[in-house]
Amino acid sequence: MTTSAAIEVHGLSKRFGKATVLEPMDLTVPRGAVLALVGHNGAGKTTLIKMLLNILPPTGGHASVLGMPSSELRGDVFTRVGYVSENQEMPEWMTVQQLMEHLRPLYPRWKDAGLLQELQLPPERKIEHLSRGMRMKLAFASVLAFAPELLLLDEPFSGLDTAIRSELVQTLLDRTHDSETTVVISSHDLAELETFASHVAFLRAGRLLFAEPMDRLLTRCREVTVTFAGDTAEQAKLKLPDGCVAAEAEGALLRFVDLRVNVEDHEGAIRELMPEAVQVQSEGMNLRAIFMALNKGGGR
Amino acid sequence: MKQALLVFRKDVHHLWQELGVYLLLLAAYAVAAPQVWPGKTPIGLLAVFVTLLKVLMAASWLVLITRAVHADSLVGDEQFWITRPYRWTSLLGGKLLFVAVCVAMPFVLMQWALILEAGLNPLSAKAALLESIVRFALNPMLTMFVVACVTDGLASAFTFLVGIIIAWAGLLTFALSGIEMRTSPPYDRPIMSVLFGGLMIGIVIYQYARRRTMQSRLAIGGTLVLFLLLMVGFDRAGFGAPVKAMIRHHYAEISSLRLVWTESVPYEERGPDMRIPGGMVEMKLPVQIEGMASDAKLRDAHVEVEMEAGAMRYAPAWQDAVLSEHAVGFLVPKDVFRRYAAGDTKVHLEVVAEELLPARDVKRVVADHFQGPMGGVCLLVEGKVYCRYPYEEVIPTRVEVSACGGPATSLTLRYMPVGGKFDPVVNEMLPIRGNICAGDSIRFTEYGVVSEFRIALDEPSVRIDQYRVQ
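Those sequence lines, one after another, are chains A and U. The first sequence begins at 1 in our numbering and counts up by one. The second sequence begins at 1 in our numbering and counts up by one.
Source of the hints: derived by calculation from the structure; they are not laboratory data. Idealized CB from N, CA, C, for every residue including glycine. One or more of the hints may lead you astray.
As the list claims (entries may be wrong) - List time: in silico PhoX-like cross-link candidates among lysine-lysine, alpha-carbon distance up to 25 Å:
#1 A/K111 x A/K126
#2 U/K297 x U/K346
#3 U/K126 x U/K384
#4 U/K421 x A/K111
#5 A/K126 x U/K40
#6 U/K384 x U/K363
#7 U/K244 x A/K111
#8 A/K18 x A/K111
#9 U/K346 x U/K363
As the list claims (entries may be wrong) - If the Cβ cut is set under 10 Å, some of the chain A residues that face chain U in the computed set are:
#10 Y83
#11 P105
#12 M134
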């Protein structure tokens, strides 16, 4: 087992009764990576994170986290692993300061100096009186203070406004910029994720469709628009090779997403495939557009 | 330990209001309970208030224990603490420390205050004090702790607890034949305490170590079923053999004592001595124990009866018995009695009991306040003597007194169970006819256990129908 990976997953699966929530999957997250875990609601993102944290037992397969089996993750290991979730319960009766003081003795490395001010958290306010954004800030502060080697964030931006989202991302990046911290973050905010994630994993209906570096994904996925001389787009659509998804044909216009771009002259390659094309336009895509295309097209 | 203290400190900080209410209830009870002790002038509805306080104290235990456990709940997968560096041993240690320091200790201190208020020394009955603590810790508190471990809210804990009690009581009502549990001392309480206390502690440890709520709930159900099976097993003599073996091991056969058949029970002893449930009859067989000192008393008598007539054989488990000077009384199912009533029956009778002899003789002069038997104190109030003991099990004590200079009367104090009560002060009014005066001489003769014995008798031909209690 290599120690260069922060997370290694082999054949990991989860069933609740007869319902399969996660199909067997393999996944490797390198140390220092920021992995964006994307997928629709119910795709299995939260279940995967909870299995990695030993909150839920897997039905099959195994995972190692920071070099140890995930099933052994308990107690002192959590001085190296942080977790923030939108649904996580908090000790509501405590004030912000009390929570930080309660946690301090639990961690050998605890550096919260300036953290509350940085996140504009009122130390004397009770957690039960914090807004959703404030609660999430506090959750971030309570994990960033011990500089974890691995940070698992489950929908941390859900329901937050743009300003708070940006503030949290900035704090996260500032505190983890040493590249030693591995971050796994599940979120629907794809535009935000694209700005700082180094890797991306896509889950759909319990299946891991792919997991790869962000730049490779953005390179291999391009949106193509082909114009024909006559109304032949529908016929051309039928000839599209594997890896081309979300195809739409209307008259002389064919649009599709190519998920397997592996040549520099992509437009030239399309022209070779469709000699009758009058015009070919290949454009790069952002994460959100790829996500939409994958959901629409069902490709990988 | 550091983490356990951290958890403990957090829970105390969190629950200080509930703790305050609990301490107030204890204080109120410590003040109110002595006002309703026998010999005090009754004050309005104070007795009702004291009963209410008991209910509220028990409710406070449920609230405090449940809320402390639920502060770091074991149920669910979104709790704050489960992804923090808590060791489960420390977490459990912190919770147990809370129960010990904040729930049990104030209660014990309240009991001590009552004992001191009664003019008694709490340390004069260390074993009874320990037994009382163990009983409260095992029975209500550990049960509440177990329930809190597998629930995630006060309402669900309350519902779970009530559900268990109703199911348990209901099943026992249907399953038992009406005879009280037939397992015999001295093994029933220790066995039950160790077995079921151990099982409950095991469930708590398992739940803290693994957080497998469904399995833990099933284990609680399994424990209840096991308890039910044991009860029914003893009731129906299903586990007769091991129980008999244990009893024979504990009670030595004493050659100096002999159980003798005497043919008939004297008329004055033929009345019922036992509570007779439906479907049962009380039988009294004419036996006498020879070789016993004339001033000896017997306690905790149990009997094993085997009856054979032709191909029929009846051999139930050991059961409670009443041993008088000329007879031994016990219960038999009506249908069994009918089957054996007509013909000659071979009877094997085995009796176990504690033999007590006078151990200490003290003479006192009655005053408003004077030393009583068993480390207790007695008070003279309006011509009546009230004695108080700390936790203490009242062992048989003969009392002789000449009431206001009149003829001497003698009586024996009744047996009272130890522990298991909110108020640890055992109160007893000496039921002496007439009034007692200050200056009267009173003599207490305390009995002590000298032996636990077993004696047997085989009678080849008995007409069972002659020995039914009318």
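Would the hint on A/M134 stand, with a C-beta cut-off of 10 Å toward chain U?
With Cβ-Cβ at 16 Å, over 10 Å, it is violated.
Cut-off 10 Å, beta-carbon criterion: hint that A/P105 touches chain U
holds, 6 Å
Given the hint that A/K126 pairs with U/K40, does the C-alpha gap stay at or below 25 Å?
This hinted pair is violated, its Cα atoms lying about 50 Å apart.
Are the Cα positions of U/K384 and U/K363 separated by 25 Å at most?
Cα-Cα ~18 Å, so holds.
Below or equal to 25 Å on CA atoms is what counts here, so check U/K126 against U/K384.
Measuring from Cα to Cα gives roughly 29 Å; hence the hint is violated.
Take the C-alpha atoms of A/K18 and A/K111, compute the straight-line distance between them, and say whether it is at most 25 Å.
violated, 46 Å
25 Å Cα cutoff - pair A/K111, A/K126
Satisfied, since the Cα-Cα distance of roughly 21 Å is no more than 25 Å.
Below or equal to 25 Å on CA atoms is what counts here, so check U/K297 against U/K346.
violated, 29 Å
Is the Cα-Cα distance between U/K421 and A/K111 25 Å or less?
violated, 52 Å
Within a Cα-Cα threshold of 25 Å, do U/K244 and A/K111 meet the stated pairing?
At roughly 67 Å apart (the allowed maximum being 25 Å), A/K111 and U/K244 break the hint.
Per-residue hint verdict: A/Y83, partner chain U, C-beta under 10 Å:
holds, 4 Å
Are the Cα atoms of U/K346 and U/K363 separated by 25 Å or less?
Between U/K346 and U/K363 the Cα gap is close to 50 Å, so the pair fails against 25 Å, i.e. violated.
Hints 2, 3, 4, 5, 7, 8, 9, 12 from the earlier list are contradicted by this structure; the remaining hints agree with it.
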